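**Q** This is what each chain is made of:
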Amino acid sequence: MDTLVNVAHGLGVALLPVNLLYCFIGVFIGTLVGVLPGIGPISAMSLLLPVTLSGTPESGIIMMAGIYYGSMYGGSTTSILVNIPGEAASVVTCIDGHQMAKQGRAGPALGISAFGSFIAGTFSLVALMLVAPSLASVAIAFGPAEYFGLMVLGLVVLTFLTQGSMAKALLMACIGVVLGLVGLDSITAQPRLTFGRIELIDGIGLVPVVMGLFGVAEVLLNTEQAIKRDIIKTKITQLLPSKEDWKASGGPVARGTVLGFFLGILPGGGAVVASFASYALEKRLSKHPERFGHGAIEGVAGPESANNSAAGGAFIPLMTLGIPPNVVMALLLGAFVIHGLQPGPLMISQNPTLFWGIVASMYIGNLMLLVLNLPMIGMWVQLLRLPYNVLFPLIILFTIIGVYCSSNNVFDVHVMIAFGVIGYFMRKLGYEPAPLVLAFVLGPMLENNLRKSLILSQGDLMTFVERPISAICLAFALALLVGPLLPSLRRKRELVALDEGA
Amino acid sequence: MSDKTDVKLRLNNSELWGGLIGLALGAFVIWSGLKLKLGTINDPGSGYVLFYTGILMCVFAISIIVAAVTEGGPTFASRWENARWGKPVLVIVCLAAFAFALEPLGFLLSAIPLMLLLLRVIDPVRWSLAIPLSILAPLGMWWVLKHLLAIQLPSGLFEIG
Numbered sequence: 001m002d003t004l005v006n007v008a009h010g011l012g013v014a015l016l017p018v019n020l021l022y023c024f025i026g027v028f029i030g031t032l033v034g035v036l037p038g039i040g041p042i043s044a045m046s047l048l049l050p051v052t053l054s055g056t057p058e059s060g061i062i063m064m065a066g067i068y069y070g071s072m073y074g075g076s077t078t079s080i081l082v083n084i085p086g087e088a089a090s091v092v093t094c095i096d097g098h099q100m101a102k103q104g105r106a107g108p109a110l111g112i113s114a115f116g117s118f119i120a121g122t123f124s125l126v127a128l129m130l131v132a133p134s135l136a137s138v139a140i141a142f143g144p145a146e147y148f149g150l151m152v153l154g155l156v157v158l159t160f161l162t163q164g165s166m167a168k169a170l171l172m173a174c175i176g177v178v179l180g181l182v183g184l185d186s187i188t189a190q191p192r193l194t195f196g197r198i199e200l201i202d203g204i205g206l207v208p209v210v211m212g213l214f215g216v217a218e219v220l221l222n223t224e225q226a227i228k229r230d231i232i233k234t235k236i237t238q239l240l241p242s243k244e245d246w247k248a249s250g251g252p253v254a255r256g257t258v259l260g261f262f263l264g265i266l267p268g269g270g271a272v273v274a275s276f277a278s279y280a281l282e283k284r285l286s287k288h289p290e291r292f293g294h295g296a297i298e299g300v301a302g303p304e305s306a307n308n309s310a311a312g313g314a315f316i317p318l319m320t321l322g323i324p325p326n327v328v329m330a331l332l333l334g335a336f337v338i339h340g341l342q343p344g345p346l347m348i349s350q351n352p353t354l355f356w357g358i359v360a361s362m363y364i365g366n367l368m369l370l371v372l373n374l375p376m377i378g379m380w381v382q383l384l385r386l387p388y389n390v391l392f393p394l395i396i397l398f399t400i401i402g403v404y405c406s407s408n409n410v411f412d413v414h415v416m417i418a419f420g421v422i423g424y425f426m427r428k429l430g431y432e433p434a435p436l437v438l439a440f441v442l443g444p445m446l447e448n449n450l451r452k453s454l455i456l457s458q459g460d461l462m463t464f465v466e467r468p469i470s471a472i473c474l475a476f477a478l479a480l481l482v483g484p485l486l487p488s489l490r491r492k493r494e495l496v497a498l499d500e501g502a
Numbered sequence: 001m002s003d004k005t006d007v008k009l010r011l012n013n014s015e016l017w018g019g020l021i022g023l024a025l026g027a028f029v030i031w032s033g034l035k036l037k038l039g040t041i042n043d044p045g046s047g048y049v050l051f052y053t054g055i056l057m058c059v060f061a062i063s064i065i066v067a068a069v070t071e072g073g074p075t076f077a078s079r080w081e082n083a084r085w086g087k088p089v090l091v092i093v094c095l096a097a098f099a100f101a102l103e104p105l106g107f108l109l110s111a112i113p114l115m116l117l118l119l120r121v122i123d124p125v126r127w128s129l130a131i132p133l134s135i136l137a138p139l140g141m142w143w144v145l146k147h148l149l150a151i152q153l154p155s156g157l158f159e160i161g
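Protein chains in written order, with the working numbering: chain U, 1 to 502; chain E, 1 to 161.
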């Protein structure tokens, strides 16, 4: 009953005209960046992080969340029609989605992808409403040792799932922690790694780092290649899937939804892992696995449902524990912090308007996306023809202005350009930026909780082992660190490794 | 083992250089941690986490170096194989010039040439589109920020904008 009252309260917030507008802008931009290959939700959210400053916290977060789940919808359009994933979570959709389009079934592929996404998005929101408050009430009892354990686990899982060498990913995470510690020490107020620069006393800003590593570096990488697009030219008709399509897709949508939700909650997981896992599951369960790769609708329905469900599930650790499970959520945490808010166990009770408003807006956003992605599909197809040689200079201009506006400081523009160049070389040498960014956000919290734990336990390291949650998290993290040394586990890791940067 | 992609103990092994840079950074972080004072385990100081993170960085960097030496790694040339490497270099040069010019020249005088250069560098856009776009985009942005959002972009020594 309480939940229903809270949802009604949330709907009251989400239906305010200004919040509806921000929600629409968010899902529209999300679909746009999902459709356009080369720009992912991380780049778009980092570009728009400064914009959240102009409105209320609810409006800003509603818009940022909209970009994330909106991009999950939009990504499938490019995968199906062009065979280029619009963003990383839609890589799997290319396999069968584009084959369906080649066979003249682009309509049902786009349709099942949108409907599956809607069903999964709705389920994950209902689960979020039911799980988050209960988890938050448990999380109130968490001490610094538990938080430390959870953060270490989150970082290790992300490094485990990052493409390429795990040592490189761990090195990136360590660099992220160090960058996060630049500025005044929160306990002793001693300046650290500031090199005498007054601009660094408050630390390095999240906005220039993320915009540089994802926005500028992405453009630099894209300028290397002449992007070729093979767009399906036939007219897209019959977007509503047939009875047979629904019969074939019902199971994959349901399984993808549940699987995606739980993988989304796990730290370091998220939409990309969920879509790959769902595809593998459907192929294994299918009576005709040989159809996969040749236009099986199950290969579109399952992964598309899974990535949307995971996008909803990923909000749970952020909203209830204050721990972002992936880079996108780290950016959202940045948006909360910019507004002076700290997500965590007390947020739901202290800021119910914000929490329930965001949840309700996500449902409205899902409805908007259904409209944006089905009747307006023609518009997105036209957008795929936008020339990149015009788009990329504009993105650079937006990043410069965005960074400057976030702090009114030219120094931050320099930081962004520097991180853009560093990010480009990092990617060329096989170092993924995702662990760095997550560690950059978690670094100060990680340090704070470690030092608090040690002070409270009078230097007894057993405090991390004696507390069950912290012990489980650290044991799991250790297993993941040691695991890749075993050849069979290393092969499995390579199979599920993801590219968060896309 | 081809000298193009999987070189071992050679100067053009990109993995080796990546590891060495990581090792140097780790050593610097350890030194910074020590300088800031470690404190004790009962009361960790400002340099405590930095020091141990630096040690971890060195461990991971050494494992990258060992892998580069024992298993080999791609050369720098192979990393940029089939890539138009000149394009990102030109964009980086344009951005560096912009970074230096932004404060003294102001936003408008530095952003307009930057846009024009970028439009002509990345798959050249025809002049008839590049010139108006490079003027109108920064000008439009500046106008919206100044007049609608009351945000002042740098106006430079000439106070333009």
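Be careful, since some hints might not be right.
According to the in silico footprint, chain E covers these stretches of chain U (three or more CB under 8 Å from chain E) [claimed, not checked]: (1) 50-64; (2) 124-137; (3) 168-182.
With a cut-off of at most 27 Å between alpha-carbon atoms, the simulated DSS-like pairs for lysine-lysine come out as follows [said to hold, decoys possible]: (4) U/243 - U/283; (5) U/243 - U/287; (6) E/87 - U/452; (7) E/35 - U/428; (8) U/283 - U/428; (9) E/37 - U/428; (10) U/243 - U/428; (11) U/102 - U/243; (12) U/452 - U/428.
Which stretches of chain U does chain E cover? Using the computed rule of at least three CB atoms under 8 Å from a CB of chain E, they are [as the list claims (entries may be wrong)]: (13) 21-33; (14) 277-291.
Just so you know, the hints here were simulated from the structure itself, not pulled from any lab data. Here the structure is a predicted model, which is why all the values come from computation and not from measurement. Here a beta-carbon is modelled for each residue, glycine too, at the ideal position from N, C-alpha and C.
**Q** So, for every hint listed, does it hold in this structure?
**A** Hints, verified against the model:
1. 50-64: With 1 residues close enough to chain E, the hint is violated.
2. 124-137: That given contact is violated, which follows from only 0 residues of the segment 124-137 of chain U lying within Cβ reach (below 8 Å) of chain E.
3. 168-182: holds (count 8)
4. U/243 - U/283: Answer holds: residue 243 of chain U to residue 283 of chain U is near 21 Å, not above 27 Å.
5. U/243 - U/287: holds, 19 Å
6. E/87 - U/452: violated, 49 Å
7. E/35 - U/428: At roughly 34 Å apart (the allowed maximum being 27 Å), residue 428 of chain U and residue 35 of chain E break the hint.
8. U/283 - U/428: Given that 27 Å is the threshold and the Cα spacing comes to 33 Å, the pair is violated.
9. E/37 - U/428: violated, 36 Å
10. U/243 - U/428: At roughly 47 Å apart (the allowed maximum being 27 Å), residue 428 of chain U and residue 243 of chain U break the hint.
11. U/102 - U/243: Given that 27 Å is the threshold and the Cα spacing comes to 21 Å, the pair holds.
12. U/452 - U/428: violated, 39 Å
13. 21-33: violated (count 0)
14. 277-291: violated (count 0)
The earlier numbered hints that this structure contradicts are 1, 2, 6, 7, 8, 9, 10, 12, 13 and 14.
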